[in-house]
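First to last, the protein sequences are chains A and B.
Counting in this note's numbering, the final residue of the first sequence is number 528, and the numbers go up one at a time with none missing.
Counting in this note's numbering, the final residue of the second sequence is number 426, and the numbers go up one at a time with none missing.
It is worth saying that the hints were derived from the structure and are not from the lab.
Check before you lean on any hint, since a few could be wrong.
[To be verified] No farther apart than 20 Å at their CA atoms in a straight line, the calculated lysine to any residue pairs in the SDA-like style are these:
#1 LYS173/A - ASP139/A
#2 LYS352/A - LYS216/B
#3 LYS216/B - GLU510/A
#4 LYS175/A - GLU510/A
#5 LYS215/B - HIS492/A
#6 LYS173/A - GLY295/B
[Claimed, not checked] Chain B is nowhere near these chain A residues, computed Cβ spacing over 12 Å in every case:
#7 GLY392
#8 PRO399
#9 GLY434
[As the list claims (entries may be wrong)] Stretches of chain A that chain B covers, calculated by requiring three or more beta carbons in the stretch to come under 8 Å of a beta carbon on chain B:
#10 72 to 78
#11 226 to 238
#12 413 to 420
#13 511 to 523
Everything numeric in this text was worked out from a predicted model, so none of it was measured.
From the three backbone atoms N, C-alpha and C, an ideal C-beta is built for every residue, glycine too.
Here are the chains, one letter per residue:
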Amino acid sequence: MTPLSVRQCDFKHTGYAASEPALDLFTPFPYTTGTMSSYSDRKTLARYRPEVHGPWHGQHAYHLLERAGFGGTPEEVRMLSEHGMDASVDFLLRAPTDEALSKPDWAETWREIRYQSTSGLSDEEKRERRNTRIGHMRDLQRDWIQRLISSPQPFLEKLTLFFHSHFAVSAEKVKDPLMFLEHLDLFRQMGMGDFRELTKAVCRNPAMVIFLDSASNVKGRPNENFARELMELYTLGEGVQYTERDVQEAARALTGWRVRQYQAEFDLSRHDPGIKHVLGKSGPLRMNDVVDAIFTRPEAARFIAVKLFEFFVYQHPEKDLQDELAIRFAEVNFHVREYLKLLFTSELFYSKQAYRTLIKSPVQLVISTYRKLAFDPNPPLNATRAALRLMGQNLLWPPDVDGWKEGDVWVNTNALMMRYHWLHFLTTGEVPEGLTRAVREASAETYLDVAPFRVPGKPQDVNGSLQLAALHLFGRPLEENAATRLARYLTHGSNNARVVFDLTKSTSEERFRGILYLMMSSPDYQRF
Amino acid sequence: MASYTRRDFLRSSLPLAAASVTVPHFLSQTVMAAPGTEWTSSIPGQNDHRILVVLQLSGGNDGLNTLVPYEDAHYYKLRPVLGLQKRDVIQVNDQIGIHPSLNILHDLYENGEVSWIQNAGYPNPNRSHFRSMEIWHTAHTGQRTIQDGWLGRYLDASCSGTDPCTPVDAVTIGTELPQALRTPDGGSKGVVIADPEAYVWESSGRSRPQNERQKKLLIEQAREGLLGEAPTPRIDYLRRTAIEASLSAEWVAAAVKGYRSGVEYPRHQLGADFRRVGQFIAGGLKSRVFYIRHGGFDTHANQAGVHARLLQQMSESISAFRKDMLRHGQWERITILGFSEFGRRVAENDSAGTDHGAAAPMFLVGPQVKGGFVGEPPDLTDLLHGDIRHTIDFRSVYGSVLNSWLDLDATKVLGKTYPSLKLFRK
Numbered sequence: 001m002t003p004l005s006v007r008q009c010d011f012k013h014t015g016y017a018a019s020e021p022a023l024d025l026f027t028p029f030p031y032t033t034g035t036m037s038s039y040s041d042r043k044t045l046a047r048y049r050p051e052v053h054g055p056w057h058g059q060h061a062y063h064l065l066e067r068a069g070f071g072g073t074p075e076e077v078r079m080l081s082e083h084g085m086d087a088s089v090d091f092l093l094r095a096p097t098d099e100a101l102s103k104p105d106w107a108e109t110w111r112e113i114r115y116q117s118t119s120g121l122s123d124e125e126k127r128e129r130r131n132t133r134i135g136h137m138r139d140l141q142r143d144w145i146q147r148l149i150s151s152p153q154p155f156l157e158k159l160t161l162f163f164h165s166h167f168a169v170s171a172e173k174v175k176d177p178l179m180f181l182e183h184l185d186l187f188r189q190m191g192m193g194d195f196r197e198l199t200k201a202v203c204r205n206p207a208m209v210i211f212l213d214s215a216s217n218v219k220g221r222p223n224e225n226f227a228r229e230l231m232e233l234y235t236l237g238e239g240v241q242y243t244e245r246d247v248q249e250a251a252r253a254l255t256g257w258r259v260r261q262y263q264a265e266f267d268l269s270r271h272d273p274g275i276k277h278v279l280g281k282s283g284p285l286r287m288n289d290v291v292d293a294i295f296t297r298p299e300a301a302r303f304i305a306v307k308l309f310e311f312f313v314y315q316h317p318e319k320d321l322q323d324e325l326a327i328r329f330a331e332v333n334f335h336v337r338e339y340l341k342l343l344f345t346s347e348l349f350y351s352k353q354a355y356r357t358l359i360k361s362p363v364q365l366v367i368s369t370y371r372k373l374a375f376d377p378n379p380p381l382n383a384t385r386a387a388l389r390l391m392g393q394n395l396l397w398p399p400d401v402d403g404w405k406e407g408d409v410w411v412n413t414n415a416l417m418m419r420y421h422w423l424h425f426l427t428t429g430e431v432p433e434g435l436t437r438a439v440r441e442a443s444a445e446t447y448l449d450v451a452p453f454r455v456p457g458k459p460q461d462v463n464g465s466l467q468l469a470a471l472h473l474f475g476r477p478l479e480e481n482a483a484t485r486l487a488r489y490l491t492h493g494s495n496n497a498r499v500v501f502d503l504t505k506s507t508s509e510e511r512f513r514g515i516l517y518l519m520m521s522s523p524d525y526q527r528f
Numbered sequence: 001m002a003s004y005t006r007r008d009f010l011r012s013s014l015p016l017a018a019a020s021v022t023v024p025h026f027l028s029q030t031v032m033a034a035p036g037t038e039w040t041s042s043i044p045g046q047n048d049h050r051i052l053v054v055l056q057l058s059g060g061n062d063g064l065n066t067l068v069p070y071e072d073a074h075y076y077k078l079r080p081v082l083g084l085q086k087r088d089v090i091q092v093n094d095q096i097g098i099h100p101s102l103n104i105l106h107d108l109y110e111n112g113e114v115s116w117i118q119n120a121g122y123p124n125p126n127r128s129h130f131r132s133m134e135i136w137h138t139a140h141t142g143q144r145t146i147q148d149g150w151l152g153r154y155l156d157a158s159c160s161g162t163d164p165c166t167p168v169d170a171v172t173i174g175t176e177l178p179q180a181l182r183t184p185d186g187g188s189k190g191v192v193i194a195d196p197e198a199y200v201w202e203s204s205g206r207s208r209p210q211n212e213r214q215k216k217l218l219i220e221q222a223r224e225g226l227l228g229e230a231p232t233p234r235i236d237y238l239r240r241t242a243i244e245a246s247l248s249a250e251w252v253a254a255a256v257k258g259y260r261s262g263v264e265y266p267r268h269q270l271g272a273d274f275r276r277v278g279q280f281i282a283g284g285l286k287s288r289v290f291y292i293r294h295g296g297f298d299t300h301a302n303q304a305g306v307h308a309r310l311l312q313q314m315s316e317s318i319s320a321f322r323k324d325m326l327r328h329g330q331w332e333r334i335t336i337l338g339f340s341e342f343g344r345r346v347a348e349n350d351s352a353g354t355d356h357g358a359a360a361p362m363f364l365v366g367p368q369v370k371g372g373f374v375g376e377p378p379d380l381t382d383l384l385h386g387d388i389r390h391t392i393d394f395r396s397v398y399g400s401v402l403n404s405w406l407d408l409d410a411t412k413v414l415g416k417t418y419p420s421l422k423l424f425r426k
């Protein structure tokens, strides 16, 4: 068995050395057995059992890698399928390594610069300082995109993305790039652990203190912003088990926090020391007391358990199932990794209800495309950044305090056009007009290599090439009629006369790029 | 000025979409509904669809500093910092003054083209942005069982065999489809367009025939799928959106090409968005609803400057749009409806801002609106948890717009009848 690895920073097409018979890769994918079935009508988190539900094979591994990460090459999928479900889940959900938490070079230089007073600076120097800061925010965005594409721990980055949306903070308001990086690192360090502890840490995270105006929440004149979002968006859900009174009292308990010298600090003189009544708990409550009071409510387990389920498994879980999710999440003591292990090893996760039923976010679309195609080691980061923004997911700039909504909302006619433009650029290296204003970084060197789709020794095998493309993009073959339609485009000239398809020839290559562009523009590629 | 009728639209695009033997359910309800022959005869009155432009002020507009009760001592007591002085507001009567940043809009008021509806809201006001916005979009206050929107239901009810829906019935300017345009079948109405110049599908072929065939494949694969999967509502939604994007792109491009604006629109996002609506209307796009958002009203801190700027932007954008539409002879067809998810707390907070509140004014702008004020100024001595009580249900306003402007029985959309308001001239 090949040792497990996902993109150990090796971007080469691991599965497709020219000498290997690539089509053999079809063998470990028994998709001829049809799509995964709905195993039972009873929706529970019962464990997936191969002896009952059938062997855990390539398609299961494909599904797991898509959901717990951002997909991968057929070779990576094959490795997971060889190791089986438990080893694969343990491997993907392993604890963060030091490398995953390493700081980029700019972080240290900026840390020094930001503490230097601006008082003696000329206008020109002040402008320069400001530009440096803005530049580093872009660096942070690029660094993250690079990490999403190449990290050997894709699950960690996916969970970080989940929390970036859940505890949404925007660079519109939090302008210090290092503070923002530390905010994201909090999710990398603590995201897999106890959600209650993470919530407490987020509450006193300087980025959050700034974002929700905690500095203006002071004794005598409380500002409800943070208290409201803490209950409504982070822990309990809108209007669930709390009243307006709870919000107002909690706001008092949360008074006194502010940011000085880029650190969050608690200033007792600005804190309201009086007796407050929050969710049935009374006393001279402070921040941690409020969070503790929230987590004694059963709804607190339900809200985040359901949200995680919807992000990783499927949307709108049934009422009974929601009850079970809440119970299971509480049973594992709000431990996110333990809970997700339960999900990823459940029969439900591998059922029809979950398989290919989620809509790809722009990040999922873009990052998984890079990963499935083992893209160039130097992806066009600026173009990717701009494209994500146009598609509606500008990393570090969530649209509002509620973060990005998942589901159908990702796709509308405008978002689809932007997806098309991006895929056009990716497959051909040309910048379509619709993208020119946003993307100036385009070079023929960054575009997609069609070599993985050449059937070794048989570059004229049209159907083989099409099915190889489908294997990469969908982890399953094309339906016969669809394959015939696409093949016709590749084998017929403009006058409809037959032409020879040969993927070593530039004219066929160009047409094949067109086909990849189309396949990725299909409604089918927008689901995973 | 080019004018594109539904007929043109269908002539260019229908054969492609209709080529399939199995017509997907969603298509049979939209452009496919009518027999082909209907489309070759002229359809009288097609150019006269009335247009509703919905302007959403996102974040919670401070109604009390929009329409100012400048003679009310309670106002100044609760707003020591943010209260607008009598000498600064535009005094419309002996009680109400309008925020000075709305002076351009007020010229239209003087012209009888603006109606202010005071204290609009709903029972048991919700102070969550998301939930309250949802209530305004769905027009339902109870349990969250209804997820479709009032405009989606309106378009559903107004399309018929002789006047079927097209993808561009509703155009949302921006990047996100509003919940108001969701339909009960889990789908939605209309297209979303951020930038018409970028709203085009570009094929990657090297020759015209290649490009034509790519385009054909794009629609075919949207219709049939690539993997042989059985359709689900979600798959239908994606397929329909893909087809609508392809079909509407050509139409939008044609409409944009035909537009010449002689009017200078203000150079900010809202100005650009109104310009786009003007572009589409003047260019002949057959839409009934346009949706625009104006964000930034969640003024928890340092409200005064921000609020003034936002109102100023709104005021000058509407004015430019009106001029443009007058020049194109289109203004008679248009009504603008403005709303926000809630007003703000009457008492200001310690950060020179205001927290989430309840009732607030709505407004209508257009040549056919009745003009003036509807409802009484807020009673600041009778507050609900520190917020203004609603005296007019916002669904009464929707109802009047539906009944009097869009000519549709409002109960079909709202589920019940709300007290009617006289908001239009006719």
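Tested hints:
1. LYS173/A - ASP139/A: holds (17 Å)
2. LYS352/A - LYS216/B: Given that 20 Å is the threshold and the Cα spacing comes to 31 Å, the pair is violated.
3. LYS216/B - GLU510/A: holds (18 Å)
4. LYS175/A - GLU510/A: Cα-Cα ~44 Å, so violated.
5. LYS215/B - HIS492/A: holds (16 Å)
6. LYS173/A - GLY295/B: Roughly 15 Å between the alpha carbons, so the hint for LYS173/A and GLY295/B holds.
7. GLY392: Given a closest Cβ separation of 5 Å, the condition is violated.
8. PRO399: violated (8 Å)
9. GLY434: violated (4 Å)
10. 72 to 78: Our answer is that it is violated, as 0 residues pass the Cβ test (under 8 Å) against chain B, missing three.
11. 226 to 238: holds (count 3)
12. 413 to 420: The restraint on the segment 413 to 420 of chain A holds, since 7 of its residues have a Cβ under 8 Å from chain B and three suffice.
13. 511 to 523: holds (count 9)
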